[in-house]
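Visitor: So the protein sequences, as listed, match chains C and E.
Just so you know, we're using the working numbering here: the first sequence kicks off at 1 and counts up by one.
Just so you know, we're using the working numbering here: the second sequence kicks off at 1001 and counts up by one.
Accuracy of the hints is not assured; some may be wrong.
[Said to hold, decoys possible] In the EDC-like style, the derived pairs of lysine to aspartate or glutamate whose C-alpha atoms are separated by at most 20 Å in a straight line are: (1) C:K96 - E:E1070; (2) C:K96 - E:D1025; (3) C:K71 - E:E1070; (4) E:K1096 - C:D84; (5) C:K92 - E:D1025.
[What the hints assert, rightly or not] Partial selection, computed: residues in chain C whose CB lies under 7 Å from chain E: (6) M1; (7) I2; (8) L15; (9) A18; (10) I19.
It should be emphasised that the hints constitute simulated quantities derived from the structure, not laboratory data.
Every residue gets a Cβ at the ideal spot worked out from N, C-alpha and C, and that includes glycine.
Number of protein chains: 2
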Amino acid sequence: MITRLDHIAVAVPDLQRAIARFSEDLGLALTGREDVPTESTSTAFLPIAGTRIELVHPMGGEGPIAKFLEKRGGGLHHLCFSTDDIEGDVAKLKAKGWQFLSESPKPGAHGCRVIFAHPRSCEGVLVELSQPPAAHE
Amino acid sequence: MITRLDHIAVAVPDLQRAIARFSEDLGLALTGREDVPTESTSTAFLPIAGTRIELVHPMGGEGPIAKFLEKRGGGLHHLCFSTDDIEGDVAKLKAKGWQFLSESPKPGAHGCRVIFAHPRSCEGVLVELSQPPAAHE
Chain C
1 MITRLDHIAV AVPDLQRAIA RFSEDLGLAL TGREDVPTES TSTAFLPIAG TRIELVHPMG
61 GEGPIAKFLE KRGGGLHHLC FSTDDIEGDV AKLKAKGWQF LSESPKPGAH GCRVIFAHPR
121 SCEGVLVELS QPPAAHE
Chain E
1001 MITRLDHIAV AVPDLQRAIA RFSEDLGLAL TGREDVPTES TSTAFLPIAG TRIELVHPMG
1061 GEGPIAKFLE KRGGGLHHLC FSTDDIEGDV AKLKAKGWQF LSESPKPGAH GCRVIFAHPR
1121 SCEGVLVELS QPPAAHE
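With the rest of the complex left out, here is chain C:
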């Protein structure tokens, strides 16, 4: 089952400028950065109130974030929910007609296993499910 909202991802064309907007302008704390080669993205994390904003930028101008930026420019990209049983939740959602962008969960940031649902399955919202390592190791 879903336990919390892990993050809200924002696709940004300029990571340094975006960090300045959210930290200097809006006053959020920047707590970390991580490159995720499996997703071709560079990320920056700004926690707020039980969740965090995750700025995502394409590494080397490639991958799904680059395509999003080409089409729309920067903006809200996806919601990521934490789950304590990713296989169970995927099976349950598939039974309700949800479609996923991969057959099964794969490695994501922070050692999590993650999977994305197709936006058409959730009112146009790209939804990521993520299970942290402690819960499945």
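Given the coordinates of chain C, work out where chain E should sit on it, guided by the hints.
Guide: Below, chain E without anything else, positioned relative to chain C:
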């Protein structure tokens, strides 16, 4: 200053179906609904981990949400941050070059005063600032 992430707004073409997706499918609790005539929207709230997802649907097929749906279909619409000093924050952000969609804050849902910044001011993200009534009355 910004104190928390009040909500993540999702524009939806079918409010009942969207409520089913987020409550029955994803397991979030639906805690309320409110019509906001000043914004021509019907809303539904689903709290999660210190913030909430707010489903927004155009009342009578009019207003800014209707335009968003025409252009993009449903999807992530805006982020709303709570502030304890909306005038101060707007002044500070204007000094940093941010542009706003109205001259000054106006009445929003739950008795708050709210203002929207132009997406170009925050990497393509439509940002709402909201000050709850207790903090300014």
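Visitor: Next step is simple, just say for each hint if it's right about the structure.
Guide: Going down the list of hints, with the structure as the test:
no., hint, in the structure
1, C:K96 - E:E1070, "27 Å, violated"
2, C:K96 - E:D1025, "7 Å, holds"
3, C:K71 - E:E1070, "17 Å, holds"
4, E:K1096 - C:D84, "42 Å, violated"
5, C:K92 - E:D1025, "8 Å, holds"
6, M1, "6 Å, holds"
7, I2, "5 Å, holds"
8, L15, "10 Å, violated"
9, A18, "5 Å, holds"
10, I19, "10 Å, violated"
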